[in-house]
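Q: Based on the provided sequences and hints, a complete structural model is requested.
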Amino acid sequence: MALTKNERRLRIKNRIRKVVSGTETRPRLAVYRSNKEIYAQIVDDVTGKTISAASSRDKGVSTAKATKSEVAKLVGKSLAEKALKAGIETISFDRGGYLYHGRVKSLAEGAREAGLKF
Numbered sequence: 001m002a003l004t005k006n007e008r009r010l011r012i013k014n015r016i017r018k019v020v021s022g023t024e025t026r027p028r029l030a031v032y033r034s035n036k037e038i039y040a041q042i043v044d045d046v047t048g049k050t051i052s053a054a055s056s057r058d059k060g061v062s063t064a065k066a067t068k069s070e071v072a073k074l075v076g077k078s079l080a081e082k083a084l085k086a087g088i089e090t091i092s093f094d095r096g097g098y099l100y101h102g103r104v105k106s107l108a109e110g111a112r113e114a115g116l117k118f
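Counting with the working numbering, you get residues 1 to 118 for the letters of the sequence shown.
Hints in this document: simulated from the structure, not taken from any laboratory. All C-beta atoms, glycine included, are put in the ideal place defined by N, C-alpha and C. Treat the hints loosely; a few may be bogus.
Pair by pair, the computed Cβ-Cβ distance ranges are [unchecked claim]: (1) 10 x 63: 18 to 26 angstroms; (2) 35 x 115: 23 to 31 angstroms; (3) 17 x 58: 22 to 30 angstroms; (4) 1 x 85: 21 to 29 angstroms.
In silico EDC-like pairs for lysine to aspartate or glutamate, Cα to Cα no more than 20 angstroms straight-line [said to hold, decoys possible]: (5) 82 x 45; (6) 105 x 81; (7) 117 x 58; (8) 5 x 45; (9) 65 x 37.
A: Okay, here's the thing in structure tokens:
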């Protein structure tokens with residue numbers, strides 16, 4: 001029996017998580033994408049704490065009248081600004097089983113433009 005889209009994504013996500021892990025010096029940027037919104041957070045997997053988070057539901061981003069890709073770029077920029085305030089410059093990118101394309105790519109480009117390195 002064939003896998004559903006979500007089951008396939010979860011398999012890919014588990015495969016990625018075997019390799020990508022966030023440390024204190026290089027935390028993990030985790031992305032979750034739903035049909036309407038996009039969420040991202042920077043996580044230290046050693047201590048199990050979320051350092052900073054941003055989403056398309058935040059006040060500054062949700063009021064913007066833009067396409068979903070443009071909103072994802074704004075989310076990446078706001079997350080990068082929060083991370084830089086927390087003293088984080090380099091991260092490892094966890095695309096969460098999604099293809100590096102479209103909104104996920106826009107979020108990553110926005111974070112890079114705002115100063116994060118990965």
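Q: Holds or violated: residue 5 with residue 45, Cα cutoff 20 angstroms?
A: 27 angstroms, violated
Q: Under the criterion that the straight-line Cα-Cα distance not exceed 20 angstroms, is the pair residue 117, residue 58 satisfied?
A: 23 angstroms, violated
Q: For residue 105 and residue 81, compute the direct alpha-carbon distance and say whether it is at most 20 angstroms.
A: 18 angstroms, holds
Q: For the hint 21 to 29 angstroms, verify it against the beta carbon of residue 1 and that of residue 85.
A: 48 angstroms, violated
Q: Note whether the CB distance of residue 17 and residue 58 lies within 22 to 30 angstroms or breaks it.
A: With Cβ atoms ~26 angstroms apart, the hint holds.
Q: So if I understand the rule, the pair passes when the alpha-carbon distance is 20 angstroms or less; does residue 82 with residue 45 pass?
A: Holds, because 18 angstroms separates the two Cα atoms, which is no more than 20 angstroms.
Q: Has the hinted range 23 to 31 angstroms been met by the Cβ atoms of residue 35 and residue 115?
A: Roughly 30 angstroms apart at Cβ, these two residues keep to the hinted range, so it holds.
Q: Does the structure keep residue 65 and residue 37 at a Cα separation of 20 angstroms or less?
A: 13 angstroms, holds
Q: Is it true that the C-beta distance of residue 10 to residue 63 lies inside 18 to 26 angstroms, as the hint says?
A: 33 angstroms, violated
Taken one by one, the earlier hints fail for this structure at numbers 1, 4, 7, 8, listed in ascending order.
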